[in-house]
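Spelled out, the chains give:
2 protein chains.
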Amino acid sequence: MAVNLALPIVANLKPVAGIELGFAEAGIRKPNRKDLLVMKLASTATVAGVFTTNRFCAAPVQVCQAHLQGVHLGASSIRALLINTGNANAGTGEVGLSDANETCVALADLLDCEPAQILPFSTGVILEPLPVDRIKAGLPKALSNLNTDNWMNAAEAIMTTDTQPKADSRTVIIDGKTVTLTGISKGAGMIRPNMATMLGFIATDAAVAQPVLEHLVKFAADKSFNCITIDGDTSTNDSFMLIATGVGEVDIAEIDCEAYEALAAAVIDLSKSLAQMIVRDGEGATKFMTITVEDGASVEECRKVAYSIGHSPLVKTAFFASDPNLGRILAAIGYAGVDDLDVNKLDLYLDDVWVAKNGGRHPEYEEQDGQRVMKQSEITVRVNLARGNATATIWTCDLSQEYVAINADYRS
Amino acid sequence: MAVNLALPIVANLKPVAGIELGFAEAGIRKPNRKDLLVMKLASTATVAGVFTTNRFCAAPVQVCQAHLQGVHLGASSIRALLINTGNANAGTGEVGLSDANETCVALADLLDCEPAQILPFSTGVILEPLPVDRIKAGLPKALSNLNTDNWMNAAEAIMTTDTQPKADSRTVIIDGKTVTLTGISKGAGMIRPNMATMLGFIATDAAVAQPVLEHLVKFAADKSFNCITIDGDTSTNDSFMLIATGVGEVDIAEIDCEAYEALAAAVIDLSKSLAQMIVRDGEGATKFMTITVEDGASVEECRKVAYSIGHSPLVKTAFFASDPNLGRILAAIGYAGVDDLDVNKLDLYLDDVWVAKNGGRHPEYEEQDGQRVMKQSEITVRVNLARGNATATIWTCDLSQEYVAINADYRS
Numbered sequence: 025m026a027v028n029l030a031l032p033i034v035a036n037l038k039p040v041a042g043i044e045l046g047f048a049e050a051g052i053r054k055p056n057r058k059d060l061l062v063m064k065l066a067s068t069a070t071v072a073g074v075f076t077t078n079r080f081c082a083a084p085v086q087v088c089q090a091h092l093q094g095v096h097l098g099a100s101s102i103r104a105l106l107i108n109t110g111n112a113n114a115g116t117g118e119v120g121l122s123d124a125n126e127t128c129v130a131l132a133d134l135l136d137c138e139p140a141q142i143l144p145f146s147t148g149v150i151l152e153p154l155p156v157d158r159i160k161a162g163l164p165k166a167l168s169n170l171n172t173d174n175w176m177n178a179a180e181a182i183m184t185t186d187t188q189p190k191a192d193s194r195t196v197i198i199d200g201k202t203v204t205l206t207g208i209s210k211g212a213g214m215i216r217p218n219m220a221t222m223l224g225f226i227a228t229d230a231a232v233a234q235p236v237l238e239h240l241v242k243f244a245a246d247k248s249f250n251c252i253t254i255d256g257d258t259s260t261n262d263s264f265m266l267i268a269t270g271v272g273e274v275d276i277a278e279i280d281c282e283a284y285e286a287l288a289a290a291v292i293d294l295s296k297s298l299a300q301m302i303v304r305d306g307e308g309a310t311k312f313m314t315i316t317v318e319d320g321a322s323v324e325e326c327r328k329v330a331y332s333i334g335h336s337p338l339v340k341t342a343f344f345a346s347d348p349n350l351g352r353i354l355a356a357i358g359y360a361g362v363d364d365l366d367v368n369k370l371d372l373y374l375d376d377v378w379v380a381k382n383g384g385r386h387p388e389y390e391e392q393d394g395q396r397v398m399k400q401s402e403i404t405v406r407v408n409l410a411r412g413n414a415t416a417t418i419w420t421c422d423l424s425q426e427y428v429a430i431n432a433d434y435r436s
Numbered sequence: 025m026a027v028n029l030a031l032p033i034v035a036n037l038k039p040v041a042g043i044e045l046g047f048a049e050a051g052i053r054k055p056n057r058k059d060l061l062v063m064k065l066a067s068t069a070t071v072a073g074v075f076t077t078n079r080f081c082a083a084p085v086q087v088c089q090a091h092l093q094g095v096h097l098g099a100s101s102i103r104a105l106l107i108n109t110g111n112a113n114a115g116t117g118e119v120g121l122s123d124a125n126e127t128c129v130a131l132a133d134l135l136d137c138e139p140a141q142i143l144p145f146s147t148g149v150i151l152e153p154l155p156v157d158r159i160k161a162g163l164p165k166a167l168s169n170l171n172t173d174n175w176m177n178a179a180e181a182i183m184t185t186d187t188q189p190k191a192d193s194r195t196v197i198i199d200g201k202t203v204t205l206t207g208i209s210k211g212a213g214m215i216r217p218n219m220a221t222m223l224g225f226i227a228t229d230a231a232v233a234q235p236v237l238e239h240l241v242k243f244a245a246d247k248s249f250n251c252i253t254i255d256g257d258t259s260t261n262d263s264f265m266l267i268a269t270g271v272g273e274v275d276i277a278e279i280d281c282e283a284y285e286a287l288a289a290a291v292i293d294l295s296k297s298l299a300q301m302i303v304r305d306g307e308g309a310t311k312f313m314t315i316t317v318e319d320g321a322s323v324e325e326c327r328k329v330a331y332s333i334g335h336s337p338l339v340k341t342a343f344f345a346s347d348p349n350l351g352r353i354l355a356a357i358g359y360a361g362v363d364d365l366d367v368n369k370l371d372l373y374l375d376d377v378w379v380a381k382n383g384g385r386h387p388e389y390e391e392q393d394g395q396r397v398m399k400q401s402e403i404t405v406r407v408n409l410a411r412g413n414a415t416a417t418i419w420t421c422d423l424s425q426e427y428v429a430i431n432a433d434y435r436s
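Taken in sequence, the protein lines are chains E and C.
Here this note's numbering is used: the first residue of the first sequence is 25, the next is one more, and so on.
Here this note's numbering is used: the first residue of the second sequence is 25, the next is one more, and so on.
Any given hint could turn out to be false.
Same chains, same names: a pair is fine if it fits in one copy or spans any two.
The list that follows gives simulated cross-link-like pairs (lysine to any residue, SDA-like), each with its CA atoms no further than 25 Å apart [to be verified]: (1) K54 / Q392; (2) K399 / A429; (3) K381 / E126; (4) K58 / G272; (5) K58 / L170; (6) K399 / I430; (7) K381 / G117; (8) K242 / V74; (9) K369 / A90; (10) K328 / N250; (11) K381 / E118; (12) K242 / T316; (13) K165 / R57; (14) K54 / F243; (15) K328 / F75; (16) K328 / G361; (17) K165 / N177; (18) K38 / K399; (19) K165 / E402; (20) K328 / G117; (21) K54 / A130; (22) K38 / E285; (23) K54 / D347; (24) K381 / S122; (25) K242 / D364; (26) K54 / Q395; (27) K58 / T310.
Calculated directly from the structure, the hints in this document are not laboratory data.
Construct all of the structure, not just a fragment, from the sequences and the given hints.
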């Protein structure tokens, strides 16, 4: 039931020079599905990432952070990313760390590099041991089909409860030269029978200095993956990685230049696309909602209010029902935790319809106007706090019976 | 589908000397249902309350707070409480305040007291004007049947989407004299088509000094109504009131005495009963869950962790499905916002089953044991943080498709 989410078209997915993708059916949890992906990078590549803030972060997340910290401090560059589905390797303690490291050793042996040059990612069941042997057994197959054209296969290989693969590309001209960006992502938050991970990977052929890339990945995440919510459950494995292979013609060594601005705009645009695809394919989703909070005292308080609306089960079920039951939005604003909020100055709009003015129902608001907007599959909620100049926008989906059905299904 | 919630029995509900209850069918939103309640108090009564922290708190909440502040500063005592269902008088701005005050004036005229001696309460649709005329027209009927025996009618008169009335009584012997306590409550949080209010009222015939009662109502709320959650939506109208009529033989003038301790214990016990009834009658609820977090560094962090578990849609749907998908609980603990939590020391129990030890699956945990507990209708989740001596407990219910169906229903 994805909301206005078109299948990516293979021909539109542009290879990125300097990154090859190989996949395998390793039978990690179920047979006959792609569940293992290797991304092999040129030796010139830089890599940076942002990870879940969940204290129960998975073993592979801890290993990734350690390896990237090594690179940050001058160790050899990352040569490959290794992603498995079917098992999250989370809630697995010391054994989980050892297992994640063992997969890095295995791939490093095959690629003739150091284990610290591998970044591991897992998504799937929590609290169960990683089937290391099946992953190791699948690696030769994945390496045997390494290809720069494999983006669609890569998008399929990282799917769990996603109903369709998520991938997109951009090109941008910088200093007269074409820079290519391609990325993939997979489903967020509330994923069927204890699958729980949002993953995003974007690669570009530009050369980007390590500190610049580290800055950019955080900036782009804050404008994209950190602006989506399906059910408020922050997974143990969420990761967003930015890869600059350095094989292309453009070289970006600092932040304070036009070339950086151009690349950053393209990365953010692609990140937003991949993040919004996750929401559009949210479990049971029938509506795509953009929530914008403006004229707040700070971006932080605007985000608080936006997430309070976006997480409210009462609001989400009203959208599912196309019911302009808009008092629920006011209630969610009221408990967002902005302690000195003066609700008597607050305005609320649903697309172009002015619903509440100065904290109460707008005198000219008529339910039929709210009803008209609520019937749409894409809806913008706009709140004006009238207490500053800050703005924030998030994207979310509705809450349907199908969501409960999916997540109440016994793990199969 | 209430969970182990027995209908209150009229004969078990004890009249409280000094409080009479009268009700009416005022047709506020729908015909032929009790929707108006008056609680008339003896002139010796003291009253104290706690209210929603929602910034969009309803007009009657604001009026109640102002009138109680007057009493606190020495104005004449409260003589009556006026409660309507069908309309929350929230999100109604200045007009809402004026409307709430108008109902106080009307009842004060009939009772020959000051409007400031009336406390108004409303529950129902948000964003719509209060039908003041219908409330005023219903008052004479309500006053005509004032009776100390009307507790069951009172419990019915404040119902909205509750499937059954909620009422209970206690007696306690203090200094050899019997003190009686009776209370009623109505449904929390996520209430059908924009009904949204948790209300609780407890009356005792003891005499309790105003400052003592103000202390006790906060203390009791923190041990009861503030420990329940259904969907995390904090309503605009939540109120919990404690009434001491002063007509009985016991007089409590200070906190530091055994009489106070005895009364407080009874108030807390009754408050817990009324609060848990709300959870047991949560919309679509099929399971009653007790979540205890122990050995935390502070009560606040224990509550954070407990609420994170209790609010997680993934956890709640797993309980609905009787699926021991317990990694979801670890994930919810991990994102609870306890930044320095060392998950490697954490233990998790499901009733008597030790599920996770030192942050990972307990070596002897078997899924069939978790499955056995998950099939029960009452389940205790116990988390040990191993970082201090603080403890907190909350009560919540599961998330079912019925919940979504109820809340997605168009307002009728």
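To see whether the hints hold, each was checked on the structure:
1. When the C-alpha separation of K54 and Q392 is checked against a cutoff of 25 Å, the pair qualifies only between copies, where the shortest distance is 22 Å, while the shortest distance within a copy is 49 Å.
2. Taking the shortest alpha-carbon separations for K399 and A429, both the intra-copy value of 23 Å and the inter-copy value of 17 Å come in at or below 25 Å.
3. In this assembly of identical chains, K381 and E126 lie within 25 Å of each other by CA distance solely across copies; the values are 23 Å between and 60 Å within a copy.
4. Within a single copy, K58 and G272 get their C-alpha atoms no closer than 30 Å, and across copies no closer than 75 Å, so neither meets the 25 Å cut-off.
5. In this assembly of identical chains, K58 and L170 lie within 25 Å of each other by CA distance solely inside one copy; the values are 14 Å within and 72 Å between copies.
6. Taking the closest pair of Cα atoms, K399 and I430 come within 25 Å of each other both inside a single copy (24 Å) and across two copies (19 Å).
7. With identical chains, the CA atoms of K381 and G117 are at most 25 Å apart between copies only, with a shortest distance of 9 Å across copies and 52 Å within one.
8. Taking CA atoms no more than 25 Å apart as the test, K242 paired with V74 passes inside one copy only; the shortest distance there is 6 Å, against 43 Å between copies.
9. Proximity of K369 to A90 under the C-alpha cut-off of 25 Å is restricted to the inter-copy arrangement: shortest distance 21 Å between copies versus 48 Å within a copy.
10. For the homomeric pair K328 and N250, the shortest alpha-carbon distances inside one copy (13 Å) and between copies (22 Å) are both at most 25 Å.
11. In this assembly of identical chains, K381 and E118 lie within 25 Å of each other by CA distance solely across copies; the values are 12 Å between and 55 Å within a copy.
12. Taking identical chains as interchangeable, the C-alpha atoms of K242 and T316 lie at most 25 Å apart only when both belong to the same chain, with a minimum of 21 Å there against 36 Å between chains.
13. With identical chains, the CA atoms of K165 and R57 are at most 25 Å apart within one copy only, with a shortest distance of 13 Å there and 70 Å across copies.
14. For the identical chains of this complex, K54 and F243 are neighbours neither inside a copy (37 Å) nor across copies (53 Å), given an alpha-carbon limit of 25 Å.
15. Within a single copy, K328 and F75 get their C-alpha atoms as close as 20 Å, and across copies as close as 22 Å, so both meet the 25 Å cut-off.
16. In this assembly of identical chains, the alpha carbons of K328 and G361 lie at most 25 Å apart whether taken from the same copy (7 Å) or from different copies (14 Å).
17. Within a single copy, K165 and N177 get their C-alpha atoms as close as 14 Å, which meets the 25 Å cut-off; across copies the closest is 73 Å, which misses it.
18. With identical chains, the CA atoms of K38 and K399 are never at most 25 Å apart, being 36 Å at best within one copy and 50 Å at best between copies.
19. For a Cα distance limit of 25 Å, the shortest separation of K165 from E402 qualifies neither inside one copy, at 42 Å, nor across copies, at 49 Å.
20. With identical chains, the CA atoms of K328 and G117 are at most 25 Å apart between copies only, with a shortest distance of 23 Å across copies and 33 Å within one.
21. In this homomeric assembly, K54 and A130 come within 25 Å of each other (Cα to Cα) only inside a single copy, at 22 Å, whereas the closest approach across copies is 70 Å.
22. Only within a single protomer do K38 and E285 lie at most 25 Å apart by alpha-carbon distance; the minimum there is 22 Å, versus 73 Å between protomers.
23. In this assembly of identical chains, K54 and D347 lie within 25 Å of each other by CA distance solely across copies; the values are 20 Å between and 40 Å within a copy.
24. For a Cα distance limit of 25 Å, the shortest separation of K381 from S122 across copies, 18 Å, qualifies, whereas the shortest one inside one copy, 58 Å, does not.
25. With identical chains, the CA atoms of K242 and D364 are at most 25 Å apart between copies only, with a shortest distance of 22 Å across copies and 30 Å within one.
26. Taking the shortest Cα distances, K54 and Q395 sit within 25 Å of each other only across copies (22 Å), while inside one copy they are farther apart (44 Å).
27. Proximity of K58 to T310 under the C-alpha cut-off of 25 Å is found in neither arrangement, the shortest distances being 27 Å within a copy and 38 Å between copies.
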